[in-house]
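Undergrad: Sequence:
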Amino acid sequence: MFEYLTKRLSARLELLGWPAERLQLSRPKKAENGDWATNIAMALARDLKRSPMQIAEEPMDGLDLDPGIVEKFEILNPGFINFFQSADYLSSQIRKILKEKDDYGKSNFGSGKTAQVEFVSANPTGPLTVGHGRQTVLGDTLANILTWSGYEVTREYYFNNAGRQMRLLGESLKARYLELKGESISLPDGGYEGAYLIDIAQDLLNEQPDLTADTDVELFKSYAETSIFTNIKSSLERIGVVHDVFYNERSLYETGKIDEVLSILGERGLLYEKDGATWFKTSELGIEQDRVLVKSTGEPTYRLPDIAYHREKVARGFDLVVDIFGADHIDAYPDVLTALKVMGLKYEHIEVVIHQFVTLLRSGEVVKMSTRKANFVTLDELIDEVGADVVRYFYIMRSASSHLNFDLDLAKRQTEENPVFYLQYAHARISSIFRRAQERGLDSDTENADLSLLNEEFAVALINKALEFPEVIDHCRRSLEVHHLPGYLSELATALHKFYTEYKVIDLEQPELSKARLALLEAVQIILRSGLRILGISAPEQM
RNA sequence: GCCCCUGUAGCUCAGCAGGAUAGAGCAACGCUUUCCUAAAGCGUAGGUCAGGUGUUCGAAUCACCUCAGGGGUACCA
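Residues 1 to 543 in the working numbering are what the first sequence lists, from first letter to last.
Mixed in with the good hints, there may be bad ones.
Said to hold, decoys possible - List time: in silico DSS-like cross-link candidates among lysine-lysine, alpha-carbon distance up to 25 Å: (1) K498 to K96; (2) K257 to K274; (3) K281 to K346; (4) K257 to K346; (5) K7 to K96; (6) K29 to K498; (7) K498 to K30; (8) K341 to K113; (9) K96 to K106; (10) K72 to K96; (11) K341 to K257; (12) K101 to K113.
What the hints assert, rightly or not - If you anchor each label on the Cβ, the simulated ranges turn out as follows: (13) E74 to Q510: 45 to 51 Å; (14) D507 to D328: 57 to 63 Å; (15) I354 to R435: 41 to 47 Å.
The set of hints was computed from the structure by calculation and includes no laboratory data. Keep in mind it's a predicted model, so treat the numbers as computed, not measured. Ideal Cβ placement from N, Cα and C applies to all residues, glycine included.
Could you put the whole structure together from the sequences, leaning on the hints where they help?
TA: Structural data, given as structure tokens:
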């Protein structure tokens, strides 16, 4: 209907010589204002110097619309043109859902195109925390949306197992190990204090009891890394996240990509030496101040490998690159994009999704978190407490740009009245009705159902809500915001529960009506199942 | 100081390519089950959309200013 109206009205506007690109169609909030509406008359009032009501008449005059789609239209003050869809259109759309099944709502926007989503990317210095969880679920769900939009998606995890932090990790493990052997050794300055390192030290002690203070710290570092990465991957798997590529920053050094970036920027005259460090003249490129790329110690800052990594992303030829970052990285990406730009590389296809922090509340108190200080709640603990479905839902029900308050007590306590169960119950409720219908011997032959019987108020409302699904997916894809989906699914569930309360689905006295209603529920269930699948949440048959 | 995010009902938050009377969930109060799962539905109450100025036929939405909270502004990532 949207496509149809857009096409017909645009053609009409062009015929009149009016700017068709100003045409906007939206769904009115109130049902009495129709199913679709346009404000074009008001938008053009100024240019045409005529009243909106007058303007509205003109394109609509003599415009005959397919009665199989549009029932009628109205022009209302102050100048809205409202369109009402026909019953035939609704029936045909339900048929479409039933026919396309789990493919309903997929688009070919990204067909033949590739996309990469980089997310999590936590260095293996400790378990994933509640803070990482948001990014994890955000990235995975967005990847699902892109897949639904036709893209071939690569989920990527970028990490660094070299550098200062990892060395500290190795030293910290070594200290714990020696501590277990009875030596009184203090943790290195700024070392990792987490208890998880004691567990790892114990494992190492069991496997290799003969290490001493003289053992190379490299052994401890590598043992810690392997152990922690195993743990991280297992946490990810528990909430259904599997990355396709783990990209090690170290490879950028080994293949000379780091040096290449330096030499290209050097050739452009954008580098200089000061105080023993190598600086990038970002101040000449619209950024406040210059940035250090190589420290006076000879080690690069994180910016340099980031630039090299993104240069590789560009070279790998993705049509769309999405980076999911926490708000603490907000200053890094302009540098990276600027570098790509001056190197003459494509960068417009790189989208950055910044998510704000998760504030963890426990007993009404803000929990300050730091991986190094070991004052954190792990993602694993959270999953243990509330389950993977609830974890995923809680993280994506809010927009990424809002500061998320994660109230642990609430999440734990809410197992009965949790919003996620509301959705799952809607799905289970339909399954339950199907089971009951079968018991009663009701013919569930939806192929031949007379869908025109679905003309009651709340049936129509439910159908309309169901038909919004592809628009919601598209909205998520366009804005790279996934929180619209859980919101929509809640509305769909509400429409379903309302329908259920008002009408009896299984009515042996009216088998034809029952059949039509069962067909509608089947369509609704298809959408609930698809939506939940995109969110990575299970769709139970019964609860 | 400068940059980014946020400020909407008691609480948590939608809405913000300007549109028709500002929404939901939770919390509060009241109601609904001889009938497909009440993990549900309905109703009542609750608002200076942080504040101000501007643009517009029309502003929660756009611009500017102020205030408040968070993050960044590192030769940490």
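Undergrad: Which of the listed hints are broken here?
TA: Number 13 - this is the single hint that the structure violates.
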